[in-house]
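Start from the sequences, fold in the hints, and give me the full structure.
As given, the protein sequences belong to chains A and B, one line each in that order.
Under my numbering, residue 298 is the last one in the first sequence; the count climbs by one each step, no gaps.
Under my numbering, residue 1338 is the last one in the second sequence; the count climbs by one each step, no gaps.
Be careful, since some hints might not be right.
[Stated by the list, open to error] Lysine-lysine pairs mimicking DSS-like chemistry, simulated, CA-CA at most 27 Å apart: (1) Lys-294(A) with Lys-1303(B); (2) Lys-1285(B) with Lys-1249(B); (3) Lys-1249(B) with Lys-285(A); (4) Lys-1053(B) with Lys-1168(B); (5) Lys-1303(B) with Lys-1262(B); (6) Lys-285(A) with Lys-1262(B); (7) Lys-1326(B) with Lys-292(A); (8) Lys-1249(B) with Lys-1262(B); (9) Lys-1262(B) with Lys-23(A); (10) Lys-292(A) with Lys-1249(B); (11) Lys-1053(B) with Lys-1249(B); (12) Lys-1303(B) with Lys-292(A); (13) Lys-1262(B) with Lys-1285(B); (14) Lys-1249(B) with Lys-294(A).
[What the hints assert, rightly or not] Rough simulated footprint, nothing fancy, chain A against chain B, three-plus residues with beta-carbon under 8 Å: (15) 1004-1012; (16) 1172-1185; (17) 1307-1317.
Note that these hints are calculated values from the structure, not bench results.
Each residue gets a CB set at the ideal place from its N, CA and C atoms; glycine is no exception.
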Amino acid sequence: MNRAGLDILVLVCPIHDCLNPVKIAQSGKSVLASSLRWVLNPFDAFALEAALAVRDRAAGTRILALSMSPPEGERVLRECLAAGADEAVRLWDDALEGSDPYATAKGLAAAIRLFPADLVLAGARRGDLEEGQVGPMVAEMLGIPHVCAAREIHWQPGEQDLQAVKRAAGHRIRLSCPLPALVTMERGLPLRYPRLRDRKRANRASIRVLGLPQLGLDPEGAGIAGSLVEIERITPPKPSRRSALAASVSTMSTAARLQRILSGGVQGPKESKIHSCPDAGSVEKVVNHMIKEKIVIL
Amino acid sequence: MGIDIWALVEVSGGRVLRVSAEALSEAVRQATQARGLSSALVVGCDPDERLLKDILSHGPDRVFVLQNEAAPGAELPPSVEDLERLIRSRQPSALLLGNTAAARDFAPRLAARLRCPLATEVSYINPQGGPPLFTRPAFRPHASMILRPRLTGFHLVLLASGAMDIEKPGPKPSAAVERISSTFPFERNPVRVLESVREITSALDLADAEVIVAGGRGMQSPEHFLLLSELAEVLGGTVGASRMAVDAKWCGRDRMVGVTGKIVAPELYIACGISGAVQHVMGMKGARSVIAINTDPAAPIFKIATLGILGDVREVLPAMIAALRKARARRESVEASP
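Structural data, given as C-alpha cells:
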C-alpha cells in the first residue's frame, strides 16, 4: 500500500435531476430517456470532495473516478475531472441496461479489481431513486469493511486505519476502519468549484471506457438478467396530501359555505387548509390532526 | 412449508423503535393474511419483562432474542454474520426492517451476501398471493415505482419510515420466546467506535435537519423567539429564521433560511410569524410539509403551506408545544401498558 498517499477510487453515478418531471414510457416499466436530465448525484460530489481533502493533506494520493453509465452520463465524469480527479473510467455495455443495485455493484466490483484501491468512496445514496445499496454491496463483494453515511474522513500518511465521522441518533460518532475500506458519504463537506481552466481541460480529457469482456463478466449475468429485483411498473405518484386537507369551516361565511357545497366540495378555496386557532383547545385539535395525517411525526 | 415473516426489532433506551414497531405490525399483518407465521427478531438488548410484553402485544407468533454475550446491555446493531447464520438456518420467508441508520448500513451487505432480493424505502407491500410487489419512490415527486423480486424465496424489505400503521392486536396465547446467542463477538467487527458524543439538537446544521422551526417578524421579541427552540426540541429539529429575525438579532446569521441564507429541504418546516416573502420561500419550498402560523390570512406563506394556522404565534406556540407533549405522553403510556 502506498503510504505517502492513498489510491482512492470514487464511485459516481449520473442521476435524473428531479426538479424536472419525467415521462413514463408506454410499457410502464421505464421512463423516456428523452425526459431525463442528467446531473452528478449530489451525494457523489461529497465523496469526491472527501477524496480531494485527503489529497490536500497527503500529496501522494491518486484519485480515480469510476462510473457505470451510458454515454449520456459521461459528463458527470468530466465534472469529476474538472473538480480534481486524476483519471476517469466509464464502465458500459448495452447489456448492463436495467441493472438493479446488485447487478450494478457486481459490475463496479469487477472494475475495482482492475484498479486496486486503498479506499473506495461513494455517495450515501442516489438522489433520484433514493437508493443507497450499491456502496455496501460493493464492499461485501470485495470482502472489505464499509462505513455508511460518513460526514468527514481523516487519514494521515503512514496510518493503517482511516477515521470517519458520522451522525446518528443525535450523536456524533468517530469510527476507525482498517484500509482497504469503502466509505459512503453523506452531505456535509463544503464543496469546491472548479476553475474555468480546469473545466476546459476536463472537457478535452479522454475517458477510458471498459466493456464486459475487459471486466471478465458474462453478458448473460449482467443487466436485468443479473439483477435480483426488477421494475414491474413505474407509476405517476399518488396525489399528495397537499390537496386534501380537512377544513375548519367555522370561519366561513354562509355564502362561502354555499359555494363550497355547490362546487361539490372538491375544489375548496385556498383557505380551506387554514385552521383558525383563537385558543389552546383549537390548537390541540389541529395538533392531533397533524399527528393523524403524519405531517408531524413524534 | 408455510410462510414465516420476520421483523427486525431494534431497541433503544429500553424501548422498541417506532420504525421497528411499524415493521413488526406489517409482518404480523402479512403473515395473518397468508395464514402463516410472524416472528420478531429482537436485537440490541435482552428485553426485560415489560419490553417483552410490549413486543408480544403486536401479535407475533414467536420472538427470537439475539443475545450478544460479549456486550450484554449494550444496544448494538446486529452483525451481518449473525443475521446470515440465522436466516440460513431458520429459513424465514422474508425479513422486514424499519428504516434506521443501522438497517440502511447492514441490509445491502446482507442482501449481497445471501444473494437475495432487497427493496428499500418500501411504502406498500402487495402480497398478491405469490411473489410480493413493493411500492417505493422513484423520481419523487414525479413518479413512484413497483419492484418485483426476480428470485423466489427469502427477501429483505427495508420499509419507509412512517409508511406502515402500528397495531397492537394483543399477545397470542401460543407465542413463544427463544433466546439465541450471537456467535460473532463484537470485537471482531473491523469498524470500531472511537468516540460517541451527544449533540445538542439546536446545534444541528440546518441543511441536515429533518424538522425546522423557523421564526420571523411575527415573533415580536427575543423572548418569544425562544419558544421556537422549545418546539424544535419537542420535534427533534432545529431552529431557522427569516431575514427579519436575523436583522433583529434574535438569532445568528447561520440560522437564516432563504436565497441569501441557507436553502433547506426538511421533512417538515414550521414557519412561525413568517409572511412568506419570495426570498424566504425560495430557501424552503423544498420542504415536504409546511406548517404556517400567521395572523394574516392573506400572508403568501399560506399559499405553499400544507396546513395553515391562523393565530398569533405567541399564543399558538405554547399551546402547540403543550399539545404535542401531551400527545407524546399519551402515546408513551399506551405503549408502556398495552
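Against the structure, the hints come out as follows:
{"no.": "1", "hint": "Lys-294(A) with Lys-1303(B)", "result": "holds (20 Å)"}
{"no.": "2", "hint": "Lys-1285(B) with Lys-1249(B)", "result": "holds (24 Å)"}
{"no.": "3", "hint": "Lys-1249(B) with Lys-285(A)", "result": "violated (34 Å)"}
{"no.": "4", "hint": "Lys-1053(B) with Lys-1168(B)", "result": "holds (11 Å)"}
{"no.": "5", "hint": "Lys-1303(B) with Lys-1262(B)", "result": "holds (21 Å)"}
{"no.": "6", "hint": "Lys-285(A) with Lys-1262(B)", "result": "violated (32 Å)"}
{"no.": "7", "hint": "Lys-1326(B) with Lys-292(A)", "result": "holds (14 Å)"}
{"no.": "8", "hint": "Lys-1249(B) with Lys-1262(B)", "result": "holds (17 Å)"}
{"no.": "9", "hint": "Lys-1262(B) with Lys-23(A)", "result": "violated (31 Å)"}
{"no.": "10", "hint": "Lys-292(A) with Lys-1249(B)", "result": "violated (36 Å)"}
{"no.": "11", "hint": "Lys-1053(B) with Lys-1249(B)", "result": "violated (51 Å)"}
{"no.": "12", "hint": "Lys-1303(B) with Lys-292(A)", "result": "holds (22 Å)"}
{"no.": "13", "hint": "Lys-1262(B) with Lys-1285(B)", "result": "holds (12 Å)"}
{"no.": "14", "hint": "Lys-1249(B) with Lys-294(A)", "result": "violated (34 Å)"}
{"no.": "15", "hint": "1004-1012", "result": "violated (count 1)"}
{"no.": "16", "hint": "1172-1185", "result": "violated (count 0)"}
{"no.": "17", "hint": "1307-1317", "result": "holds (count 7)"}
Hint violations for this structure: numbers 3, 6, 9, 10, 11, 14, 15, 16, all remaining hints satisfied.
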